[in-house]
Amino acid sequence: CELWGYFLTNDDTGERTLIYTWYVCSRSGQPDQVPPGDGGGGETESCGTGYIQDEYGNCVLDDQIIVELTGKAKCVYDKLMNSNSGFKNAILKFDGEFPVSHLKLTINNALASNVYGETQPPVDFVTEIQFNENSFASLSDLGIATVFAHEIIHAEIFRKMLSAAQRGTLNSNTPEEQVILVNSLKNNFPGLYDYYERRWKPTWNHEMMANHYRSTIADVIQQFDNNRLPRSTYEAVAWVGLGKLDKNLTTIAWDNLPPDVKTSIDTLIRNNFYNGPKNCN
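Start counting the sequence shown at 1; every next residue gets the next number (our numbering).
Note that these hints are calculated values from the structure, not bench results. In this text the structure is predicted, and so the values were computed from the model without any measurement. There could be a bad hint or two in this list.
[What the hints assert, rightly or not] Only pairs whose alpha carbons sit at most 27 Å apart, straight line, appear in this in silico DSS-like list of lysine-lysine:
(1) Lys72 <-> Lys88
(2) Lys88 <-> Lys160
(3) Lys160 <-> Lys186
(4) Lys79 <-> Lys104
(5) Lys79 <-> Lys93
(6) Lys244 <-> Lys278
(7) Lys72 <-> Lys244
(8) Lys186 <-> Lys247
(9) Lys262 <-> Lys247
(10) Lys72 <-> Lys104
(11) Lys104 <-> Lys93
(12) Lys201 <-> Lys244
[What the hints assert, rightly or not] The calculated label-pair distances, taken between Cβ atoms and stated as ranges, are:
(13) Glu176 <-> Pro277: 49 to 55 Å
(14) Gly191 <-> Val115: 35 to 41 Å
(15) Asp246 <-> Asn171: 21 to 27 Å
(16) Pro175 <-> Arg228: 49 to 55 Å
(17) Val179 <-> Pro258: 40 to 46 Å
(18) Asp246 <-> Met81: 46 to 52 Å
(19) Ser215 <-> Pro277: 42 to 48 Å
(20) Gln178 <-> Pro258: 37 to 43 Å
(21) Arg199 <-> Lys247: 36 to 42 Å
For each residue, glycine too, the CB sits at the ideal point set by N, CA and C.
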């Protein structure tokens, strides 16, 4: 058996608090535990793929961010990681000594042609973001960076929800599990709880992002673009995916904008999200 612990991380201070511990015996999919060294100087036993030995010699999940990107997607991702501390810090929340969730970045060209990226609900503590590289051909580098920033925020929302759910998936098998999730969100992430439960609607996550994360997206893409354009342009481009969600489907935040402001935003998106420098191939 292996002793496990559940930690909550304060997003403001980074401080981790041990909530409770438990033992896991013969977990499905995990290699047999490697016993601590016996002092005999023998050859070190190895763990299976995806696992490493902890300080006690047990096989535990290897904290990792799985990057399976190619082409334009990989190029823009590398530039974001090398030039943008805000994006990198968001990514690294999925790594570390006690991660709540792992992150996997993949290519899925089977996504609909008008879908640039899609964040899958977490499974076994892994949140996967799929990117449609075929659709990236019509975007500028700034546009692709905007897609990355947008999807990373979706993944961060899932990460916080996993922390509240205290399990590797958000699917509640019993009413009791759902109550735990909702109450934990209310106590630990009241802003998220407000949109997820109190003001719930099918587009709740985009409603929250439109009201509270557009500036974050604008910060990321402005740093990525080396302040090439006015701040107002980055703020306009950040509306992609947060205003018009689908045909005849928009967010409340977008609906509340004056018509002339919407027109200006649409023009800036057309001129910069789709058009503009394309240095990544």
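Structure-based check of all given hints:
{"no.": "1", "hint": "Lys72 <-> Lys88", "result": "18 Å, holds"}
{"no.": "2", "hint": "Lys88 <-> Lys160", "result": "17 Å, holds"}
{"no.": "3", "hint": "Lys160 <-> Lys186", "result": "12 Å, holds"}
{"no.": "4", "hint": "Lys79 <-> Lys104", "result": "18 Å, holds"}
{"no.": "5", "hint": "Lys79 <-> Lys93", "result": "18 Å, holds"}
{"no.": "6", "hint": "Lys244 <-> Lys278", "result": "25 Å, holds"}
{"no.": "7", "hint": "Lys72 <-> Lys244", "result": "25 Å, holds"}
{"no.": "8", "hint": "Lys186 <-> Lys247", "result": "33 Å, violated"}
{"no.": "9", "hint": "Lys262 <-> Lys247", "result": "16 Å, holds"}
{"no.": "10", "hint": "Lys72 <-> Lys104", "result": "17 Å, holds"}
{"no.": "11", "hint": "Lys104 <-> Lys93", "result": "13 Å, holds"}
{"no.": "12", "hint": "Lys201 <-> Lys244", "result": "16 Å, holds"}
{"no.": "13", "hint": "Glu176 <-> Pro277: 49 to 55 Å", "result": "53 Å, holds"}
{"no.": "14", "hint": "Gly191 <-> Val115: 35 to 41 Å", "result": "27 Å, violated"}
{"no.": "15", "hint": "Asp246 <-> Asn171: 21 to 27 Å", "result": "24 Å, holds"}
{"no.": "16", "hint": "Pro175 <-> Arg228: 49 to 55 Å", "result": "52 Å, holds"}
{"no.": "17", "hint": "Val179 <-> Pro258: 40 to 46 Å", "result": "42 Å, holds"}
{"no.": "18", "hint": "Asp246 <-> Met81: 46 to 52 Å", "result": "31 Å, violated"}
{"no.": "19", "hint": "Ser215 <-> Pro277: 42 to 48 Å", "result": "23 Å, violated"}
{"no.": "20", "hint": "Gln178 <-> Pro258: 37 to 43 Å", "result": "40 Å, holds"}
{"no.": "21", "hint": "Arg199 <-> Lys247: 36 to 42 Å", "result": "24 Å, violated"}
Checked against the numbered hints above, the structure breaks hints 8, 14, 18, 19 and 21 and satisfies the rest.
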